[in-house]
Amino acid sequence: MAAATTLTLKGAIDGLRAKALSAEELTAAHIAAVEQARPLNAYVLETPEAAIAGARAADARIARGEARPLEGIPLGIKDLFCTEGVRTTAGSRILGSFKPTYESTVTANLWRDGAVMLGKLNMDEFAMGSSNESSAHGPVVNPWRSRGSNQPLTPGGSSGGSAAAVAAELCLGATATDTGGSIRQPAAFTGTVGIKPTYGRCSRWGIVAFASSLDQAGPIARTVEDAAILLTSMAGHDPKDSTSLDVETPDFASFVGKSIKGLKIGVPKEYRVEGMPAEIEALWADGVRWLKEAGCEIREVSLPHTRFALPAYYIIAPAEASSNLARYDGMRFGLRVDGEALNDVYEGTRAKGFGAEVQRRVLIGTYVLSHGYYDAYYLKAQRVRRRIADDFSAAFDEVDALLTPTAPSAAFGLGDRASDPVAMYLNDIFTVTVNLAGLPGMSVPAGLDAQGLPLGLQLIGRPLDEGTLFSLGYALEQAAGFAAKPERWW
Amino acid sequence: MAIDAATVKKVASLAKLRMEQDRLGPLAEELSGILAWIEQLKEVDTEGVEPMTSAVAAALPRRADVVTDGGDPERVLSNAPKRDKSFFVVPKVVE
Numbered sequence: 001m002a003a004a005t006t007l008t009l010k011g012a013i014d015g016l017r018a019k020a021l022s023a024e025e026l027t028a029a030h031i032a033a034v035e036q037a038r039p040l041n042a043y044v045l046e047t048p049e050a051a052i053a054g055a056r057a058a059d060a061r062i063a064r065g066e067a068r069p070l071e072g073i074p075l076g077i078k079d080l081f082c083t084e085g086v087r088t089t090a091g092s093r094i095l096g097s098f099k100p101t102y103e104s105t106v107t108a109n110l111w112r113d114g115a116v117m118l119g120k121l122n123m124d125e126f127a128m129g130s131s132n133e134s135s136a137h138g139p140v141v142n143p144w145r146s147r148g149s150n151q152p153l154t155p156g157g158s159s160g161g162s163a164a165a166v167a168a169e170l171c172l173g174a175t176a177t178d179t180g181g182s183i184r185q186p187a188a189f190t191g192t193v194g195i196k197p198t199y200g201r202c203s204r205w206g207i208v209a210f211a212s213s214l215d216q217a218g219p220i221a222r223t224v225e226d227a228a229i230l231l232t233s234m235a236g237h238d239p240k241d242s243t244s245l246d247v248e249t250p251d252f253a254s255f256v257g258k259s260i261k262g263l264k265i266g267v268p269k270e271y272r273v274e275g276m277p278a279e280i281e282a283l284w285a286d287g288v289r290w291l292k293e294a295g296c297e298i299r300e301v302s303l304p305h306t307r308f309a310l311p312a313y314y315i316i317a318p319a320e321a322s323s324n325l326a327r328y329d330g331m332r333f334g335l336r337v338d339g340e341a342l343n344d345v346y347e348g349t350r351a352k353g354f355g356a357e358v359q360r361r362v363l364i365g366t367y368v369l370s371h372g373y374y375d376a377y378y379l380k381a382q383r384v385r386r387r388i389a390d391d392f393s394a395a396f397d398e399v400d401a402l403l404t405p406t407a408p409s410a411a412f413g414l415g416d417r418a419s420d421p422v423a424m425y426l427n428d429i430f431t432v433t434v435n436l437a438g439l440p441g442m443s444v445p446a447g448l449d450a451q452g453l454p455l456g457l458q459l460i461g462r463p464l465d466e467g468t469l470f471s472l473g474y475a476l477e478q479a480a481g482f483a484a485k486p487e488r489w490w
Numbered sequence: 001m002a003i004d005a006a007t008v009k010k011v012a013s014l015a016k017l018r019m020e021q022d023r024l025g026p027l028a029e030e031l032s033g034i035l036a037w038i039e040q041l042k043e044v045d046t047e048g049v050e051p052m053t054s055a056v057a058a059a060l061p062r063r064a065d066v067v068t069d070g071g072d073p074e075r076v077l078s079n080a081p082k083r084d085k086s087f088f089v090v091p092k093v094v095e
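As given, the protein sequences belong to chains R and W, one line each in that order.
Counting from 1, one number per residue, gives the positions in the first sequence under our numbering.
Counting from 1, one number per residue, gives the positions in the second sequence under our numbering.
There may be inaccurate statements among the hints.
Mimicking SDA-like on lysine to any residue, the simulated pairs with C-alpha atoms at most 20 Å apart in a straight line are [stated by the list, open to error]: (1) Lys42/W to Ala389/R; (2) Lys92/W to Pro69/R; (3) Lys42/W to Leu31/W; (4) Lys82/W to Val67/W; (5) Lys352/R to Lys9/W; (6) Lys10/R to Lys99/R; (7) Lys99/R to Asp329/R; (8) Lys264/R to Ser242/R; (9) Lys269/R to Pro408/R; (10) Lys9/W to Leu342/R; (11) Lys10/W to Asp329/R; (12) Lys240/R to Lys9/W; (13) Lys19/R to Gly85/R; (14) Lys240/R to Val67/W.
If you are wondering where the hints come from, they were derived from the structure by calculation, not from laboratory data.
Construct the entire structure; sequences and hints are all you get.
Pasting the structure below:
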């Protein structure tokens, strides 16, 4: 049954309905694949018994003719989502062996629709990172390698475990989250599809908070259609999250395969950055050509404040993080380092529990929010944020969606950029603007570089217009004909 | 703006992070580098621009002020590092 892991999520749904295979066979094949792939370090917790029990229950429902949309589909869950009774660490030592007594809304929606959990997926600590190297569980290794090389590469971050697990066929799809590019950049680095929906589409309730005005959940999958199916289940209004949008969730899969003829696509000239590899430039040109051939009209647009997005993000995100992470005080859950006085316990617990990158961002956040600097840094960044959002609004007066590269490079070596925080932050140069403006953005695998590593193209849409992104994404997917898979070395 | 070791120490204390003396210097350098990069925001004219606090322009929803949950100390305390009956045990606050 080894072939069961190579199915698409849609293919597995069809196979289960047609009784070509059972949910138990499907899940068992994935459990075996997960066990064999431990060198990738994608899963930080495997839950095979619960998965088999869930698969058997799914088989019973299918037999009764009561199958729900994702009945019996095995998924991986990023360790940022609280799962009831199942350890949730957010990639941090400070949560220790935290077992939530509640389920996040997004995962609850997936279980409501019949999905089965295989385990929890590795990630950068508190989702702060672009390479998975800040995880307390150690980095995930990208299943992809450069041609003729054994050097371990990053799967990207922060949803590196999700992207690697999907690329290595260790689940049919995975949940992920994106605060500055954490769904789209790892998707690009692993040849998978990832979409960050409009801010407010998915409930943030029960997702460990990083930067609340930017955090948004979304799926990583192997095809555009699979991502559409997953997002349809994950999204929806939730009164428990006051920023959750009270809007209908369309059947996103219904947009897959729709004609894109006559759509106007913008190419932002500011995304042609200095030092961008020629291969990425060429891939972008391919994307433009593919959409043109499918009947789209291409226009150059200007997003003049693009280069200020990352500096603004590195004020806003750490500021919100320093506030959100104040709850880790060693009193009610997670790690506690004993000390003489209360302050010793606080300081000792947080120093031991948080890793270097998290401490760095908590310090920046505390500094920019501190007395005398609030106006100069935080308010200034929030004003620049509006300028960036206004750039997009103006562009969307002229075009229906934007096409850009997802990341400025292919996957790089683990350890290669760890010493320079600013160089690491530049990974998010094309993705972070979308979070600041709250827009939907999708990465679609579109080609390989000369080393044989995957590269992605990003589509950016109007607020709540994920549907158009799925239509365009599918068109790109068809035109690119991306069928490459990582050569199995694990 | 450059940050010195004394500022790092002060900010770390505000953030309740114990910081060993030998880390203050290197961190000051790192944070200064990041802040120098952030300084480019000064080039943006933001005169009269309202700060954007939320990606969604929706009004904050309201709900009735009623109790909808609670009365379950076991669930609340299930992850406590230290507990006694239905209470969290914390270090002494007042001598």
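Outcome of the hint check:
no.: 1; hint: Lys42/W to Ala389/R; verdict: holds (18 Å)
no.: 2; hint: Lys92/W to Pro69/R; verdict: violated (53 Å)
no.: 3; hint: Lys42/W to Leu31/W; verdict: holds (18 Å)
no.: 4; hint: Lys82/W to Val67/W; verdict: violated (27 Å)
no.: 5; hint: Lys352/R to Lys9/W; verdict: holds (17 Å)
no.: 6; hint: Lys10/R to Lys99/R; verdict: violated (32 Å)
no.: 7; hint: Lys99/R to Asp329/R; verdict: holds (17 Å)
no.: 8; hint: Lys264/R to Ser242/R; verdict: violated (34 Å)
no.: 9; hint: Lys269/R to Pro408/R; verdict: holds (15 Å)
no.: 10; hint: Lys9/W to Leu342/R; verdict: holds (19 Å)
no.: 11; hint: Lys10/W to Asp329/R; verdict: holds (18 Å)
no.: 12; hint: Lys240/R to Lys9/W; verdict: violated (38 Å)
no.: 13; hint: Lys19/R to Gly85/R; verdict: violated (32 Å)
no.: 14; hint: Lys240/R to Val67/W; verdict: holds (14 Å)
Hints 2, 4, 6, 8, 12 and 13, counting from the list given before, are not met by this structure.
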